[in-house]
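Using the sequences and the accompanying hints, generate a full structural model.
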Amino acid sequence: MATAWRRHVARVAAGLNPLYAAGAVFLVVYAQVFANSYDQRVLAIAGIYALLVIGYQFVFGHAGALSLAQAAFFGLGAYVTALLATRLGWPFLVTFPASLGAAAALAALVALPVLRLESHYFALATLAIGQAALAAAVNWESLTGGSVGLGGVPPPSLFGFAIAPGTRMLVLIWGLVAIGGAVAWLLIRGPRGLAIRAAREAPMAAGAVGIDTGRMRFTLFVLGAAYGGGAGALHAHLLGVVSPEVLRLPVMVSCLAMTIIGGRTRVAGAIIGALLLVHLPEWFRFAERYGPLVYGLALLATIVVAPDGLTGAATRLRQFLWPESPPPPPEILPRAVGLFHAPAEIDLKVIELSKQFGGVAAVREVSFALRGGEIIGLIGPNGSGKTTILNLITGTERPDGGKIVLNGEDIAGWNPHRIARRGIGRAFQTPILVESMTALDNVALATHTAVTAGLSYPGRRLAAARAEAASLLGGLEIESSAMQRWAADLPHGVRRRVEIARALAARPRILVLDEPAAGLDEAERNALRTALRDLAAQGMALIVIEHDFHFLSGLASRLICLDAGQVIAQGTVEAVRRDKLVEAAFFGPTAGADGAP
Amino acid sequence: MRLIQTNVAMIALAAAIVLVHPASIGPAMAQTATIRIPVLVPLTGPLALEGTSQRNGAVMALSNPPAGVRLEYEVLDTGAAPETAVNALERALARGGVSVIVAPIFGAQMLAMLPIAAERRVPLITISGTAQLTEMGNPYVFRFFPNDSVAKNAHALYVVEALGKKRPAVLFQTTAYGQSGRQHLAANFARLGATVVFEEGLDINLKDFLPALIKAKQASADALVLQLHAAPTALLLRQAASMGLSLPIVAGSAMHQPTTAALLQPAERKGVCAESASSPVSSVDPAVERWVAAYRREFGAEPDDFALTQYDGVRMAIDAAVQGARGPEEMRAALASRSFQGLAMAYKSDGVGNMAHDAIIMCYDDQGRPRIDRRYPRLG
Numbered sequence: 002m003a004t005a006w007r008r009h010v011a012r013v014a015a016g017l018n019p020l021y022a023a024g025a026v027f028l029v030v031y032a033q034v035f036a037n038s039y040d041q042r043v044l045a046i047a048g049i050y051a052l053l054v055i056g057y058q059f060v061f062g063h064a065g066a067l068s069l070a071q072a073a074f075f076g077l078g079a080y081v082t083a084l085l086a087t088r089l090g091w092p093f094l095v096t097f098p099a100s101l102g103a104a105a106a107l108a109a110l111v112a113l114p115v116l117r118l119e120s121h122y123f124a125l126a127t128l129a130i131g132q133a134a135l136a137a138a139v140n141w142e143s144l145t146g147g148s149v150g151l152g153g154v155p156p157p158s159l160f161g162f163a164i165a166p167g168t169r170m171l172v173l174i175w176g177l178v179a180i181g182g183a184v185a186w187l188l189i190r191g192p193r194g195l196a197i198r199a200a201r202e203a204p205m206a207a208g209a210v211g212i213d214t215g216r217m218r219f220t221l222f223v224l225g226a227a228y229g230g231g232a233g234a235l236h237a238h239l240l241g242v243v244s245p246e247v248l249r250l251p252v253m254v255s256c257l258a259m260t261i262i263g264g265r266t267r268v269a270g271a272i273i274g275a276l277l278l279v280h281l282p283e284w285f286r287f288a289e290r291y292g293p294l295v296y297g298l299a300l301l302a303t304i305v306v307a308p309d310g311l312t313g314a315a316t317r318l319r320q321f322l323w324p325e326s327p328p329p330p331p332e333i334l335p336r337a338v339g340l341f342h343a344p345a346e347i348d349l350k351v352i353e354l355s356k357q358f359g360g361v362a363a364v365r366e367v368s369f370a371l372r373g374g375e376i377i378g379l380i381g382p383n384g385s386g387k388t389t390i391l392n393l394i395t396g397t398e399r400p401d402g403g404k405i406v407l408n409g410e411d412i413a414g415w416n417p418h419r420i421a422r423r424g425i426g427r428a429f430q431t432p433i434l435v436e437s438m439t440a441l442d443n444v445a446l447a448t449h450t451a452v453t454a455g456l457s458y459p460g461r462r463l464a465a466a467r468a469e470a471a472s473l474l475g476g477l478e479i480e481s482s483a484m485q486r487w488a489a490d491l492p493h494g495v496r497r498r499v500e501i502a503r504a505l506a507a508r509p510r511i512l513v514l515d516e517p518a519a520g521l522d523e524a525e526r527n528a529l530r531t532a533l534r535d536l537a538a539q540g541m542a543l544i545v546i547e548h549d550f551h552f553l554s555g556l557a558s559r560l561i562c563l564d565a566g567q568v569i570a571q572g573t574v575e576a577v578r579r580d581k582l583v584e585a586a587f588f589g590p591t592a593g594a595d596g597a598p
Numbered sequence: 002m003r004l005i006q007t008n009v010a011m012i013a014l015a016a017a018i019v020l021v022h023p024a025s026i027g028p029a030m031a032q033t034a035t036i037r038i039p040v041l042v043p044l045t046g047p048l049a050l051e052g053t054s055q056r057n058g059a060v061m062a063l064s065n066p067p068a069g070v071r072l073e074y075e076v077l078d079t080g081a082a083p084e085t086a087v088n089a090l091e092r093a094l095a096r097g098g099v100s101v102i103v104a105p106i107f108g109a110q111m112l113a114m115l116p117i118a119a120e121r122r123v124p125l126i127t128i129s130g131t132a133q134l135t136e137m138g139n140p141y142v143f144r145f146f147p148n149d150s151v152a153k154n155a156h157a158l159y160v161v162e163a164l165g166k167k168r169p170a171v172l173f174q175t176t177a178y179g180q181s182g183r184q185h186l187a188a189n190f191a192r193l194g195a196t197v198v199f200e201e202g203l204d205i206n207l208k209d210f211l212p213a214l215i216k217a218k219q220a221s222a223d224a225l226v227l228q229l230h231a232a233p234t235a236l237l238l239r240q241a242a243s244m245g246l247s248l249p250i251v252a253g254s255a256m257h258q259p260t261t262a263a264l265l266q267p268a269e270r271k272g273v274c275a276e277s278a279s280s281p282v283s284s285v286d287p288a289v290e291r292w293v294a295a296y297r298r299e300f301g302a303e304p305d306d307f308a309l310t311q312y313d314g315v316r317m318a319i320d321a322a323v324q325g326a327r328g329p330e331e332m333r334a335a336l337a338s339r340s341f342q343g344l345a346m347a348y349k350s351d352g353v354g355n356m357a358h359d360a361i362i363m364c365y366d367d368q369g370r371p372r373i374d375r376r377y378p379r380l381g
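As they're listed, the protein sequences go chains Z and P.
The numbers in our numbering rise by one with no breaks, and the one at position 347 of the first sequence is 348.
The numbers in our numbering rise by one with no breaks, and the one at position 228 of the second sequence is 229.
Treat the hints with care, as some may be off.
Stated by the list, open to error - One-sided and incomplete, this derived list gives chain P residues near chain Z with beta-carbon spacing under 8 Å:
1) L44
2) V76
3) L77
4) D78
5) P83
6) E84
7) V87
8) N88
9) E91
10) R92
11) G108
12) P116
13) Q180
Stated by the list, open to error - Partial selection, computed: residues in chain P whose CB lies under 7 Å from chain Z:
14) T45
15) A82
16) L112
17) A113
18) T175
19) T176
As the list claims (entries may be wrong) - Computed spacing ranges between beta-carbons, pair by pair:
20) P:E136 - Z:R317: 54 to 62 Å
21) Z:L250 - P:R168: 34 to 42 Å
22) P:D209 - Z:F160: 50 to 58 Å
23) P:R192 - Z:V34: 57 to 65 Å
24) Z:Q320 - P:N206: 45 to 53 Å
25) P:D351 - Z:P92: 35 to 43 Å
26) Z:E436 - P:D204: 42 to 50 Å
27) Z:V34 - P:R298: 44 to 52 Å
Calculated directly from the structure, the hints in this document are not laboratory data.
Every value quoted in this text rests on a predicted model; they were computed, and no experiment measured them.
Even for Gly, the Cβ is constructed at its ideal location relative to N, Cα and C.
This is the structure in structure tokens:
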């Protein structure tokens with residue numbers, strides 16, 4: 002166990018940017034040897050903001066949601082500590098968790114309505130939370146002391162030691178920053194980190210592999226609030242006073258600026274952003290009333306020079322100074338070798354499924370059944386309802402009528418991630434990948450629960466996930482060099498196969514593919530057809546939408562032809578090909594004998 | 002010859018030693034003490050206007066030291082947040098040698114600075130009106146501006162006794178200044194037998210005051226009492242004039258500021274009264290008139306009573322230094338025990354650090370010019 006930990010620590014140390022390591026050493030030496038009481042206080046405030054920003058990164062960076070409520074959680078934490086410490090005399094070991102808990106509880110309460118909103122509506126709603134908290138602090142004078150606030154908050158006391166502002170307070174605050182940073186770092190590493198990125202950058206794809214994006218946003222929002230509450234509690238102890246200023250917009254703007262300047266998603270970014278933005282006004286105090294102007298110009302210059310944050314700039318600098326060799330081929334774990342997983346019993350019944358879009362009936366009472374080992378081809382002219390049926394089965398759309406019964410359970414109207422977890426995987430008509438990830442990680446993210454269970458460290462879980470992903474991609478004849486390329490740089494044919502591999506990585510029992518052969522060359526089509534046949538041979542059920550009748554002819558065991566949302570024919574490929582209605586609707590009156598449209 | 006040369010050299014060396022050695026400094030120079038007084042005031046943020054007056058008043062006092070004292074000062078912006086003020090305080094203290102500190106007008110910032118001042122035993126001189134500051138048993142705070150228990154006493158007395166109004170409406174700002182003032186106004190009106198028929202807290206960013214004015218009128222108020230900051234006071238008075246409100250208006254100290262008056266036409270400020278500690282621009286005292294002229298020359302602006310009372314506060318500290326107070330503890334003892342005749346009034350601690358006990362009511366005449374209507378000495 003001890004050896005494993007040593008190995009883990011060594012791996013972490015090896016992955017650490019030398020610039021950050023040097024910076025950390027400098028900070029410790031500076032704080033201990035050179036800093037006077039003023040410098041220590043500024044460092045302490047920077048530590049508090051670092052904790053606030055690490056929390057905010059969960060929401061703004063990882064969930065990708067522009068929340069303007071982080072100052073409200075910060076202020077709430079400060080007021081809770083001030084009230085409990087001054088009026089009830091409760092100790093730090095009670096007030097600190099209480100501040101975290103109060104902020105998290107408020108976040109959980111408001112998250113349910115607010116997290117449903119998107120983009121600027123979410124930002125406005127969170128701004129309203131902040132304003133409501135500010136109004137309460139200002140006007141509830143009997144509790145909060147009104148605009149003057151609450152004074153006399155004592156320094157924290159731990160195990161009989163009073164932690165007065167100075168070295169002890171600095172150690173406490175930065176100790177909590179270290180713990181908070183380590184927790185955040187562990188949470189966002191590994192397959193979970195990939196899943197979080199997928200939920201942010203490609204939520205539809207994330208849902209299709211069983212990632213509950215709503216729950217993830219909720220968790221990140223509440224977690225971020227807890228960090229904010231903790232930072233507020235420390236702020237109350239350090240200053241000894243809490244006033245509505247902690248809830249005002251400048252705190253939120255500072256938090257946002259620190260996140261952007263430092264970097265949205267890295268713990269080091271939160272610390273660098275907080276250190277810089279807390280110190281900048283102090284450095285420019287000599288400018289008196291022109292200080293904010295100089296401060297603003299310095300910020301602007303930083304954003305121009307490092308648009309992806311200072312951590313992004315540090316990464317580039319590190320790459321320049323100590324160039325990294327290309328990553329080694331992914332390690333393949335023995336137990337992960339093998340392309341597909343034998344599915345359990347499958348019995349899918351689609352019963353009188355209907356969907357309206359306004360006045361248009363996209364799907365009208367469509368019924369069919371699917372069992373393990375079967376491949377159903379869905380055909381029909383454009384607008385006939387094929388993709389809508391797939392969307393209804395996979396939960397992207399909610400049906401207006403009918404049932405979708407999977408092994409005796411009606412899954413109609415379920416969220417996509419629930420359906421995916423029941424074993425229905427999907428590839429989209431236009432491949433949806435996380436463009437900022439490699440092909441390998443696009444597949445590995447789908448294994449965030451299954452393949453990694455029981456493996457302790459995020460790094461090891463990630464290695465196992467990548468090994469599984471490499472097996473799947475290799476099985477679809479994707480070369481290892483392509484696996485390491487960014488998704489945005491992949492050619493169309495590879496993107497399609499990466500998406501199919503991702504769907505397979507979630508270990509589906511039923512695979513739903515929307516025009517998987519579109520854009521593939523002949524060799525790629527043949528390889529894909531072979532792979533899909535193999536899946537069916539292993540007991541998996543497939544539904545494939547395809548316009549290429551030749552592709553389906555050699556693949557599907559049954560065809561269902563749709564027109565205007567209705568099933569007009571179903572049966573074997575030959576039977577459907579000869580159907581008069583199909584000829585009229587799909588192949589057209591001039592279709593040749595081979596059925597080409 | 003060689004001996005002479007040697008002797009001359011020795012004498013020159015001895016002279017040089019005598020000249021540079023501290024013990025050989027003449028009696029007049031030996032008494033020259035260096036007094037360090039950092040000026041920590043809000044130069045940015047919502048209280049920048051008041052903070053700038055504070056700065057100017059302090060700098061005027063510090064720029065003209067009397068004989069026997071050498072003054073060192075630096076001005077640090079405390080911004081809008083308590084933590085910025087505390088950082089400024091720590092920065093000033095870290096340089097060492099501080100005798101006394103000019104501290105911000107912003108009450109919440111003062112609250113955060115008080116424990117540090119007590120711990121480091123450095124007196125703070127401020128013009129913040131927040132009553133709580135001198136109610137916490139901290140011996141290191143000295144307020145050179147009438148606190149709310151003085152100013153709002155004068156405010157209420159004028160409304161009830163001078164104007165004979167018994168049904169005032171109170172509009173206050175939802176800030177430390179507004180809420181503290183409102184609390185003291187309510188207590189004083191109750192004591193004087195007046196009934197506040199309407200009161201409303203107004204956000205500092207509010208721009209439309211008509212709803213509040215209409216509600217005050219509908220409540221059958223016989224006077225309008227304001228406890229608002231400078232810009233909201235001006236905006237409310239303009240809207241009151243445009244709606245033809247005929248109620249007598251007695252505003253808070255923000256209305257005495259020339260910068261507030263400058264935002265209004267003479268007709269809009271005509272008849273409006275305001276509570277204040279002093280009104281330097283309406284004073285007929287020759288010493289104050291000279292000070293006002295010097296202030297105008299120095300800063301190109303009209304002085305208000307924040308500048309004047311802060312000037313007085315710093316002058317009292319300098320006077321204590323001249324009298325022999327050197328370190329912060331001696332300075333605290335001097336401020337706590339002595340009295341000082343300033344330009345605005347006489348200052349003397351009431352035992353908890355309140356130095357100012359006088360208030361005035363000034364009113365704008367038919368041409369919109371300020372004049373002192375009534376003085377309320379020794380209220381606190």
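Here is how each hint holds up against the structure:
1. L44: holds, 4 Å
2. V76: holds, 6 Å
3. L77: The hint holds - L77 (chain P) has a Cβ within 8 Å of chain Z, the shortest such distance being about 5 Å.
4. D78: holds, 6 Å
5. P83: holds, 6 Å
6. E84: Holds - the Cβ of E84 (chain P) comes within 8 Å of chain Z, reaching about 6 Å at its closest.
7. V87: holds, 6 Å
8. N88: It holds, given that the least Cβ distance between N88 (chain P) and chain Z is near 6 Å, below 8 Å.
9. E91: holds, 4 Å
10. R92: holds, 5 Å
11. G108: holds, 5 Å
12. P116: Holds - the Cβ of P116 (chain P) comes within 8 Å of chain Z, reaching about 5 Å at its closest.
13. Q180: The hint holds - Q180 (chain P) has a Cβ within 8 Å of chain Z, the shortest such distance being about 4 Å.
14. T45: Because about 5 Å separates T45 (chain P) from the closest Cβ in chain Z, which is inside the 7 Å limit, the hint holds.
15. A82: holds, 5 Å
16. L112: holds, 4 Å
17. A113: A113 (chain P) check passes; min Cβ-Cβ to chain Z is 4 Å, inside 7 Å.
18. T175: holds, 5 Å
19. T176: Since the shortest Cβ distance to chain Z is 5 Å, the answer is holds.
20. P:E136 - Z:R317: 54 to 62 Å: holds, 56 Å
21. Z:L250 - P:R168: 34 to 42 Å: holds, 38 Å
22. P:D209 - Z:F160: 50 to 58 Å: 55 Å Cβ-Cβ, so the 50 to 58 Å window holds.
23. P:R192 - Z:V34: 57 to 65 Å: holds, 59 Å
24. Z:Q320 - P:N206: 45 to 53 Å: holds, 47 Å
25. P:D351 - Z:P92: 35 to 43 Å: Since D351 (chain P) and P92 (chain Z) have Cβ atoms about 37 Å apart, the given range 35 to 43 Å holds.
26. Z:E436 - P:D204: 42 to 50 Å: holds, 45 Å
27. Z:V34 - P:R298: 44 to 52 Å: This hint holds: roughly 49 Å between Cβ atoms.
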